[in-house]
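Fit chain S to the known structure of chain H by using the hints.
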Amino acid sequence: MSTNEIVESIQEQIVALLPRLRRFARNLVRTPHDADDMVQIAVERALLRLDQWHSDARLDSWLFKILRNAWIDEVRSRGRRAKIFMPEEAGEHVGEASIDREVDRLSVEAALARLPQDQRLAVSLVLVEGLAYKDAADVLEVPIGTLTSRLARGREALQAMLRLPEGDIS
Amino acid sequence: MTVPDETLMAYADGEVDAATRAIVEAAMRDDPEVRRRVAQHQALREAVKGAFAAVIDEPVPPRLIAAARGTPDGNVVDLAGARNAAAVNAPRRGLRWQPAAMAASLLLGLALGYLGWRGSNTLVTVSANGELVAGAGLAEALSSQLSADHPPGTVAATGLSFRAKTGDYCRTFSLTATHANSGLACREGGSWKLKVLAQSPETPANSSGFRPAASADSAAVRAAVEESIDGEPLDQAGEIAARRGNWSHP
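These protein sequence lines map, in sequence, to chains H and S.
With this note's numbering applied, the first sequence covers 258 to 427.
With this note's numbering applied, the second sequence covers 26 to 275.
Here chain H stands alone, though its shape is the one from the complex (with noise of 0.2 Å):
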């Protein structure tokens, strides 16, 4: 294949994953519109630097990571504006003053909205995008244990705020 076989070969197989990185977006913006914002500068960003892909990665799994990447330079970089997540404060009061009566009634993306962003990711990433955990360690760029303690202290605080049916399965 020439290079730009390559190339196109390439972009349509990050067309085939759109559906997947604005999904995952969904889950670092508010709203739809902004979601898409993130992913076209993602995919923007991976074309110009195509060249540091490793065909032996995951494509899925580098785009996400360019996406968060992407996504924390905006909150950073825009003065955090309301309509993208506070890292810091969303989801700070977990556990507290969230869990009360109200929060029963809670859709799951709104629990998942109030969980803070680093555990948001990585239940974002496992139980949404049904990456495996070292893949997800990857695009999160730390270790598998730090990957697996989000994912289980997430878990804990959606329980809380879902109150969802215990299964029975005897």
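FYI, nobody ran anything at the bench for these hints, they're computed from the structure.
Heads up, a few of these hints could be off.
In silico contact screen, one side only, chain H against chain S (beta carbon under 10 Å); selected entries [unchecked claim]:
1) 302
2) 327
3) 384
4) 385
5) 389
In silico BS3-like cross-links for lysine-lysine, where the CA-CA straight-line distance does not exceed 30 Å [unchecked claim]:
6) S:190 to S:218
7) H:322 to S:74
8) S:218 to H:322
Glycine is no exception: its CB is placed at the ideal position from the N, C-alpha and C atoms.
Quick look at chain S alone, frame taken from chain H:
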């Protein structure tokens, strides 16, 4: 036998090896509490995945497909604003496979052109060994302002602050007096060395003369940040701590 909850979670996620799976399944047979906890993990997994299932079936906006194919349709992301249109779109085809050095020399050319045009050492000067460094005004802004600060009359709005892989502190900025320049400077040896100075398409300042710090976010600056950043950008507490140490290598 007590199985830790993290192991049950990993089991529900399909992340355990055969030996651990056997242990968990034996525990599930023996202990209704273990069954309950595993079922709970599985129910949560389904609930969370289900909540976002609809996104996958939504039609993908054409602008994203165009972006993925490298054929932008002119519908530029308005997060960053139209100022980034040319920076993001125009050079892409040419630069795609080019080494970073080429981009760097292009930016240096812009910087030197800018320097000549400006004719002022408030913003940019050349050090004795020929490096571009922040002039007094820009250096003052970089050293004193937090990213959230926008003091009136400042020559530059500061954007993102971070530690580079070299250990140096670096900051993005956009110049307020001009319409179109954003950059990245790193604190090395007591001065702010300019790593990138990028020209963006002209965007007039708003009525107060202030352009938001996001203006520092040209594609070239972003790419340079992503290349050199070590870990996460500094939050405000991190900036305050760095400023206290005069942004010198800790």
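Checked hints:
For residue 302 of chain H, the suggested interface contact is upheld, since its CB lies about 7 Å from the closest CB of chain S, less than 10 Å. The closest approach between the C-beta of residue 327 of chain H and any C-beta of chain S is roughly 8 Å, which is under the 10 Å cut-off, so the hint is satisfied. This hint holds: residue 384 of chain H has a C-beta 4 Å from the nearest C-beta of chain S, less than the 10 Å allowed. With its C-beta approaching chain S no nearer than about 5 Å, residue 385 of chain H sits inside the 10 Å limit, and its interface hint holds.
The criterion of a C-beta within 10 Å of any C-beta in chain S is met by residue 389 of chain H, whose closest approach is roughly 7 Å, and the hint holds. At most 30 Å may separate the alpha-carbon atoms for a hinted pair to count; residue 190 of chain S and residue 218 of chain S meet this at roughly 15 Å. Between residue 322 of chain H and residue 74 of chain S, the direct Cα distance comes to roughly 20 Å. Compliance with the 30 Å bound is thereby established for this hinted pair. A threshold of 30 Å between alpha carbons decides the hint, and for residue 218 of chain S with residue 322 of chain H the separation of about 29 Å falls inside it, so the pair holds.
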